[in-house]
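**Q** With the hints as constraints, model all of the structure from the sequences given.
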Amino acid sequence: MLDRKLNSETMDALAEQLEVEGRSLWQDARMRFFRNRAAMASLAILTVITLLVLFGGYISQYAFDQTDWSAMHSGPSIASGHYFGTDSLGRDMYVRTLLGGRVSLGVGVAGAFVAVLLGTLYGATSGFLGGTVDRVMMRLLEILYGIPFMFFVILLVTFFGRNIVLVFIAIGAVSWLDMARIVRGQTLSLKNKEFIEAAEVCGVSKGRIITRHIIPNVLGIVVVYATLLVPQMILTESFLSFLGLGVQEPSTSWGALLQDGSQTMEIAIWQLLFPAAFMVTTLFCFNYVGDGLRDALDPKDR
Amino acid sequence: MFKFILKRSLEAIPTLLVLITITFFMMRFAPGSPFSSERSLPPEVLANIEAKYGLDKPVHEQYFSYLGGLLQGDLGPSFKYKDYTVNELVAQALPVSAKIGLFAFAFTVVMGVSVGTIAALKQNTWIDYSIMSTAMAGVVMPSFVLAPTLVYIFSIQLKWLPAGGWNGGQLRFIILPMLGMSLLYVASFARIMRGSMIEVMNSNFIRTAKAKGLPFRHIVLKHALRPAMLPVVSYMGPAFVGIITGSVVIETIFGLPGLGRLFVNGALNRDYSLVLGLTILIGSFTILFNAIVDIVYAFIDPKIRY
Numbered sequence: 000m001l002d003r004k005l006n007s008e009t010m011d012a013l014a015e016q017l018e019v020e021g022r023s024l025w026q027d028a029r030m031r032f033f034r035n036r037a038a039m040a041s042l043a044i045l046t047v048i049t050l051l052v053l054f055g056g057y058i059s060q061y062a063f064d065q066t067d068w069s070a071m072h073s074g075p076s077i078a079s080g081h082y083f084g085t086d087s088l089g090r091d092m093y094v095r096t097l098l099g100g101r102v103s104l105g106v107g108v109a110g111a112f113v114a115v116l117l118g119t120l121y122g123a124t125s126g127f128l129g130g131t132v133d134r135v136m137m138r139l140l141e142i143l144y145g146i147p148f149m150f151f152v153i154l155l156v157t158f159f160g161r162n163i164v165l166v167f168i169a170i171g172a173v174s175w176l177d178m179a180r181i182v183r184g185q186t187l188s189l190k191n192k193e194f195i196e197a198a199e200v201c202g203v204s205k206g207r208i209i210t211r212h213i214i215p216n217v218l219g220i221v222v223v224y225a226t227l228l229v230p231q232m233i234l235t236e237s238f239l240s241f242l243g244l245g246v247q248e249p250s251t252s253w254g255a256l257l258q259d260g261s262q263t264m265e266i267a268i269w270q271l272l273f274p275a276a277f278m279v280t281t282l283f284c285f286n287y288v289g290d291g292l293r294d295a296l297d298p299k300d301r
Numbered sequence: 000m001f002k003f004i005l006k007r008s009l010e011a012i013p014t015l016l017v018l019i020t021i022t023f024f025m026m027r028f029a030p031g032s033p034f035s036s037e038r039s040l041p042p043e044v045l046a047n048i049e050a051k052y053g054l055d056k057p058v059h060e061q062y063f064s065y066l067g068g069l070l071q072g073d074l075g076p077s078f079k080y081k082d083y084t085v086n087e088l089v090a091q092a093l094p095v096s097a098k099i100g101l102f103a104f105a106f107t108v109v110m111g112v113s114v115g116t117i118a119a120l121k122q123n124t125w126i127d128y129s130i131m132s133t134a135m136a137g138v139v140m141p142s143f144v145l146a147p148t149l150v151y152i153f154s155i156q157l158k159w160l161p162a163g164g165w166n167g168g169q170l171r172f173i174i175l176p177m178l179g180m181s182l183l184y185v186a187s188f189a190r191i192m193r194g195s196m197i198e199v200m201n202s203n204f205i206r207t208a209k210a211k212g213l214p215f216r217h218i219v220l221k222h223a224l225r226p227a228m229l230p231v232v233s234y235m236g237p238a239f240v241g242i243i244t245g246s247v248v249i250e251t252i253f254g255l256p257g258l259g260r261l262f263v264n265g266a267l268n269r270d271y272s273l274v275l276g277l278t279i280l281i282g283s284f285t286i287l288f289n290a291i292v293d294i295v296y297a298f299i300d301p302k303i304r305y
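Line by line, the protein sequences give chains C and W.
Residue numbers for the first sequence follow numbering that gives the first Met the number 0, so the first one is 0 and each next one is one higher.
Residue numbers for the second sequence follow numbering that gives the first Met the number 0, so the first one is 0 and each next one is one higher.
Watch out, some of these pointers could steer you wrong.
Computed beta-carbon distance windows for the label pairs [to be verified]: (1) W:123 / C:37: 11 to 21 Å; (2) C:160 / W:225: 24 to 34 Å; (3) W:156 / C:187: 51 to 61 Å; (4) C:216 / W:225: 38 to 48 Å; (5) W:164 / C:132: 50 to 60 Å; (6) C:27 / W:210: 37 to 47 Å; (7) C:216 / W:97: 42 to 52 Å; (8) C:128 / W:169: 57 to 67 Å.
Please keep in mind that the hints were generated in silico from the structure rather than gathered at the bench.
For clarity, every value in this text was computed on a predicted model and none was experimentally measured.
For each residue, glycine too, the CB sits at the ideal point set by N, CA and C.
**A** Here's what the structure looks like:
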């Protein structure tokens with residue numbers, strides 16, 4: 000009797016231990032992500048850059064559009080307060096680089112958000128409804144794939160004016176294609192799971208099943224690809240700004256700063272150097288974090 | 000095989016039609032007329048101009064007449080360069096872009112494949128590591144950072160090559176733009192090529208070839224290269240699009256009178272018909288090239304037979 004009680008107690012203890020040891024997919028992924036040193040370092044650098052971009056401006060005594068007539072094209076110096084030097088109009092490069100970062104990162108995140116939203120909805124709808132609808136929607140996607148999208152964005156900007164909000168909507172609106180494919184694939188594998196059937200039996204409408212049951216379950220993958228989408232968006236925005244089709248003066252972005260810097264590099268290389276360093280570092284880090292997340296969530300790689 | 004080529008070519012048509020339709024209607028529904036400027040024109044003059052360009056007709060009629068023009072290879076008049084048609088502008092710019100683009104594309108493929116192959120054959124040596132870390136840097140470095148850097152090093156510091164200009168397409172003037180356009184894709188090609196080459200070199204038929212005592216050169220060039228090229232071929236489509244897109248930036252940086260620059264100038268001047276025409280032209284190139292890549296792939300890959 001006592002033995003049996005003891006036995007069941009040990010069993011309980013063992014069971015508890017087992018429960019502790021059994022890790023969920025997410026815990027597993029988190030652990031693997033934390034162990035990935037390149038990704039963790041990138042995450043740390045990204046955090047620093049984000050904080051700097053958001054709050055670093057308060058350290059400087061200059062405003063982003065303020066002209067310092069006594070110091071045009073002056074090099075970086077701590078004494079004058081122009082930590083990164085000044086541009087051709089005597090505006091402080093430190094403040095402008097940070098402002099550019101705010102715009103570039105903002106556009107990157109917002110553009111990725113639009114792309115994720117559209118792509119997820121499209122992919123989930125297509126995958127869930129299946130049949131003819133799926134075939135037509137995928138065919139349309141293939142057609143859109145064939146269109147050189149950068150030219151399409153420039154076309155949009157030409158027709159609807161150079162407005163930064165519009166720029167990122169345009170960028171987001173044309174770069175959701177990959178996301179839609181990925182989500183569709185995930186949805187196809189989710190579609191036949193019991194809980195979806197259960198929801199169907201309960202009479203939940205198709206739209207609600209997609210938004211309430213399918214989308215939350217593909218969110219993990221979506222987040223990973225969103226991380227990889229952000230640097231693409233930053234790149235696209237910089238591309239447009241570099242051509243003079245993105246943000247307009249006196250506001251700026253990394254692409255616009257690079258454009259200015261590349262024209263004055265013979266006399267003032269720092270005007271190119273600092274924005275370029277910030278942008279390349281950010282892109283590097285986003286790519287590493289995205290790769291790290293993807294590796295961490297990849298079930299093949301245990 | 001012929002059936003496949005025909006099918007793949009026919010598939011390009013709806014893509015092209017969607018592209019033309021979307022861009023055309025976007026232009027027509029864009030706010031403001033292409034002729035609205037700070038100095039507002041008297042209504043009669045505006046009506047006359049619109050009549051000249053056929054903008055007073057109903058939209059669907061304009062669409063079909065534009066389509067008809069396209070079928071005859073006519074991209075219509077430019078709205079801003081008053082005395083030119085889009086065709087004339089393209090005829091001036093296309094040779095420039097085509098020359099640089101072909102150079103850049105050939106360089107990309109040759110360099111990417113050879114560098115990737117070397118990295119794969121010297122796997123896990125310092126040669127491999129240095130090639131692959133350079134490639135990683137190349138992948139994230141956008142062309143508008145790379146090109147000014149190249150100019151800074153080779154034109155301003157070393158004074159070896161000119162910083163810009165076309166000068167009738169002399170080789171000296173082509174090298175830097177070509178590098179700026181292609182290095183990014185050399186890096187991508189090298190990464191892809193290395194991966195597939197390593198895989199192929201570990202496969203059974205290569206082991207057989209080695210066992211037969213074939214010379215190493217022969218094994219790599221005759222046996223391994225062709226199957227290892229498959230992923231590279233399928234990446235040629237995206238790389239082509241990337242190089243064309245990159246040409247917009249590169250031509251602006253180096254001041255080359257090519258299509259990319261024409262496109263940007265059109266966009267900055269809001270020259271609707273020019274931008275529309277160029278988008279359709281470049282879109283058609285892309286779609287055509289993708290079709291060619293698919294067909295070439297089917298030729299190379301022994302697993303695909305129709």
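**Q** Checking each numbered hint in turn, tell me which of them this model violates, lowest number first.
**A** 2
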